[in-house]
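If you're matching them up, the sequences are chains A and B in order. If you count by my numbering, then the first sequence holds residues 5 to 142, one letter each, in order. If you count by my numbering, then the second sequence holds residues 22 to 308, one letter each, in order.
Hints in this document: simulated from the structure, not taken from any laboratory. Do not take every clue at face value.
Facing chain A, according to a computed beta carbon distance under 8 angstroms, are these residues of chain B, among others [stated by the list, open to error]:
hint: 1; residue: PHE99
hint: 2; residue: HIS113
hint: 3; residue: THR116
hint: 4; residue: ASP120
hint: 5; residue: PRO256
hint: 6; residue: GLU257
hint: 7; residue: GLU258
hint: 8; residue: LEU275
hint: 9; residue: VAL300
A quick note: this is a predicted structure, and the numbers were derived from the prediction, not measured. For every residue, glycine included, the Cβ atom is placed at its ideal position computed from N, Cα and C.
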Amino acid sequence: MKFRIPILVTGVLLAAVMPLIAHHSFAAEFDAGKAIRVTGALTKIEWTNPHTYFYLEVKEENGEVVKWSCEAGSPGALSRRGFKRGDLKLGDTIIVDGYRAKDGSRLMDARRVTLPDGRIVSGASAGDGGPEVPKQNP
Amino acid sequence: MGKHLFQFVMVPAVFFIVLTASSLYGQEDNPLTAVDVKTAKPKPAPRMADGHPDFSGYWKGTRDTTPVGNIGKDLPGFKLPLTPAGEAALQHNLTATIDPESLCIIGGIPRHNASGLPFEILHGAKKIAFLYWYSYYRLIPIDAKRKHSDDPDPSFFGEELGHWEGDTLVIDSVGFKDEKVWIDENANPHSDALHVVERWTRPDADHIHVETLIEDSKFYTRPFKYSRTWVPGKPEEEIQEYSCSENNVDKEHLGFGPGPIRPDGTRGYVDPAPLPPPVPRSTPGEK
């Protein structure tokens with residue numbers, strides 16, 4: 005309970021300082037209560053507007069291999085962060101942290117992407133009102 | 022003691038995190054807004070050959086504009102004066118419509134003025150062009166002699182006519198669509214009775230400003246105002262290609278309305294679940 009207040013304060017203040025500029029609001033598509041990490045092999049990359057997509061094959065704990073779609077910001081937004089199309093190639097294993105789609109499909113917001121070389125980049129759609137997350141451990 | 026430790030360590034820590042948010046994700050990645058730096062001796066606004074202010078430039082919203090995307094920004098409690106029909110239209114937007122912009126439909130006016138996205142102005146003697154991200158534009162004649170059509174074809178930007186009142190460029194618009202339109206990102210409504218009067222000024226070289234009067238007797242009990250200031254982008258910045266419908270996978274997954282609205286008038290969740298901690302750089306690729 006002690007930590008509840010700062011989390012709330014952080015959320016409200018971040019909301020106050022962050023611009024909201026996206027193609028659609030984060031909250032129209034994703035559930036901020038359903039944080040998730042998926043790790044898998046890249047099977048397809050769509051470096052397109054209005055969003056880039058990474059498609060992963062992910063091995064579940066029961067051994068089943070499932071496909072995940074990971075939605076990230078526009079190519080322009082990612083490029084400005086130094087996240088380039090050439091940073092990825094099919095077959096790479098990447099780690100994606102984000103939030104599940106509200107409709108329950110295997111689609112997630114790629115809030116934080118860990119590349120094969122260990123570099124961590126933001127995949128967020130800039131200013132969509134979604135959660136702000138730290139890139140590195142403090 | 023534990024409570025004091027919380028107050029004097031945790032709370033300042035939280036504010037530190039907030040104030041350094043740009044070192045997390047977001048603002049460092051987001052060159053689409055700017056801090057408004059006001060100088061003691063501002064440079065005068067550039068002027069056209071005819072003596073009027075020249076609005077040309079790439080313009081960014083400032084972080085002083087909150088809440089962005091909410092047309093009720095300047096009203097107490099952000100509360101819009103909705104008529105019963107307006108309230109019904111709002112509920113329809115919230116519960117039965119997907120954000121038109123996310124479906125690659127033009128946002129129109131006044132929504133583009135409330136957006137967080139920058140825009141570019143090319144200003145000529147007889148016309149002024151506003152170029153928007155998503156590859157939309159509006160082209161407005163500047164001619165005090167022109168009058169509105171008797172029955173203009175409905176459009177998202179409306180029938181827009183510009184004229185000068187001193188150094189103020191006035192854009193008067195009627196003839197709006199009443200379907201597949203949200204007046205702002207929060208899904209507030211407007212009808213085909215919408216009448217928008219924008220009064221644009223450039224008080225100095227580094228600011229443009231709009232005072233907007235919004236009238237819509239079907240959905241709002243009285244006219245209301247929306248004002249906003251923008252600052253210049255960097256010299257190398259300009260609108261880039263953006264094909265909204267190139268690969269709009271998300272449209273199949275979007276819910277109705279914008280999602281939750283926070284008490285501060287913005288869209289999003291107040292208390293999101295934390296993500297798993299970042300993976301240490303030494304062990305990438307492991308689950």
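Consistency of the hints with the structure:
no.	hint	verdict
1	PHE99	13 angstroms, violated
2	HIS113	16 angstroms, violated
3	THR116	13 angstroms, violated
4	ASP120	5 angstroms, holds
5	PRO256	16 angstroms, violated
6	GLU257	12 angstroms, violated
7	GLU258	11 angstroms, violated
8	LEU275	5 angstroms, holds
9	VAL300	5 angstroms, holds
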